[in-house]
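For the protein sequence lines, the chains are W and D, in the order given.
Be aware that the first sequence starts at 1090, since it is given in this note's numbering, and climbs by one per residue.
Be aware that the second sequence starts at 1385, since it is given in this note's numbering, and climbs by one per residue.
Heads up, some of the hints might be wrong.
[Unchecked claim] Taking beta-carbon pairs under 10 Å as the criterion, some of the chain D residues facing chain W (in silico):
#1 Leu-1416
#2 Val-1418
#3 Trp-1419
#4 Tyr-1451
#5 Ala-1452
#6 Met-1508
#7 Ile-1509
#8 Tyr-1527
#9 Thr-1626
#10 Val-1630
#11 Phe-1650
#12 Val-1657
#13 Val-1673
#14 Val-1677
#15 Arg-1680
It is worth saying that the hints were derived from the structure and are not from the lab.
Quantities reported herein were computed from a predicted structural model and do not represent experimental measurements.
Beta carbons are placed, not taken as given, at the ideal position from N, Cα and C, and that holds for glycine.
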Amino acid sequence: MTTEALARPMARPLRRISERSGLNTAAGHVLMVLLSIFCLFPVYWMLASSFRPANAMFETSLWPTTMSLDNYTQAVDAIPIARMLFNTLVFSALSTVFQLLTGILAAFAFARWKFPFDKLVYTAVALTWLVPFQVVMIPNYLLVAQMGLLDNIIALILPNLAAALAILLLAQAMRGFPKEVMEAARMDGARNWRILWEVLVPNLRGTIASLAILIFISTWNEYFWPLLLSRTAENSVVQIGIQMFMTAEGNQWGPLMAASTLASLPVLLIYIVLQRQVVQSFMKSGIR
Amino acid sequence: MALASAGPTRLRRMTQSRWAPWLYLSPALITLVVWIYWPLFDALRLSFYQWNMLPTSPQTFVGWENYARIFALPKFWQALRNTGVYIVGLLPLAVLIPLAIAIYTHDLPEKSRNIYRAIIFVPMIIAPVVAAAVWRWLLDPGYGLANQMLKGIGLDPVKFLSDPKIAIWTVIVITGWKLMGFSTLILSAANANINPSLVEAARMDGASKWEVIRDVRLPLLSSTVLFLVVMTILLGAQWSFTYINVLTGGGPLGSTTNIYYLLWDFGFSTMSVGWGSASAVILFLGFGVVAFVLFRLIDRYSFHDN
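Model the full assembly from the supplied sequences, consistent with the hints where possible.
Rendered as structure tokens:
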């Protein structure tokens, strides 16, 4: 099919397309600009509002006429936001590292060996991706309470030590890795452990990096599990900080937007620097 | 010499390879069993008990009573109906409109496509709580930008989040805002993967623009579209959880409560573990059946390029 089409003379149809496409392209641009505005405007409005002084909060001008940092100082006074950002960083970084570690080990088991029940175990891992968190939340909460870890950052990490998504994606990548290279390493007498860390992992850096971005951003934005466990602002993550702020301070829009901006800043910075990789890693793996 | 050493090595290899995979799997499996599989069974057990979550109070066995009570509860049926509304409302935002945009904009130049791509992806990485805060500010009945603009053109302000008829649609649009760009990107990528020679061949055969879309593009996009539809059906109501929790608290009058929010409400507002667990079991079984049927449908009806 492909080669046949390539052999066909293309000149005539191509010219026909270019005559017609001017108008279509313009309409396409209009459509995309509208969608872009819809997607970006709320984020812009958050930034703009966060810099408006209190007496200009209700202005509707697109660009703040006067700028001030009052909202930020107020937000910092109202909630321990630096502490919360640090907690969120610890939570996200540790979750990322552990999910990658457990994922790499488990994926290697699936890719390297055939063992009894391997298909069954693989399916069991995959199915956990479909279990809604709300279904297991009560027993999980009770377990954490029994361990005496309520209101503790460690408890946030525990259920995030491993995730189906990381295991499945890495297993896929490792299965796609050329068997001959692994075989050659084995001939040289390398043991499994070394094959994994010295051959596979360095070669799968791309997959691992994009997975790391995905896990980090999703954990940073995690809301539900911290909501169950949090008791005090000092021991919680920044998403809970915003929620507490909204409940406690009601309609303090300026400081709320400042806090929201601070909470999104790390992720937005990652996005600005690694835009292409972030989009790719989300598209490759997940909608959840 | 060679024979003598081959024996033990081979033996060691065999025992090693019997246990090695399980050794490598154990950290992940232990986590998944402790935090997902065990809790599933525990939820099943607790669904037959009455308990208020206090360690000091007794757990009383009540048989099927929790289930009977939940099925008799109007709130449950309302939440179920709302879950349906969320799914139906999200489908245009998460699938149909992105599909139209993806098809319509496929011939934009590479450079501008990349810029749009970077912009429309932004909602996806914004934290749901932050999104909720920003939308709450935009939709504030007194001073929010939306209502100020409505006032500007002489219309009455709309209570986006406190009118029982409107609130659920507001939450749906906010959830859709989060997903629309992402779905568009997925569909654009699938659309760009269509072999241009197929489209060209159809054109040479005299197919009109619409016929090309109907007979070539849509069938080739069907598996991606089906995937997005399935994800929306399975996860749509879950995605809206944060917005419901932060923006409406399930109200007004339960009008935005869906089945996931109801679970949270049972478990952590009324502290009734039995009800919460029973509805979790109902949800899980219902979810499982729907997922099974949908994945079978994908298998049967998706159209493959090669």
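Name the hints, by number, that the structure is in violation of.
As far as the earlier hints go, 4, 5, 13, 14, 15 are violated by this structure, in ascending order.
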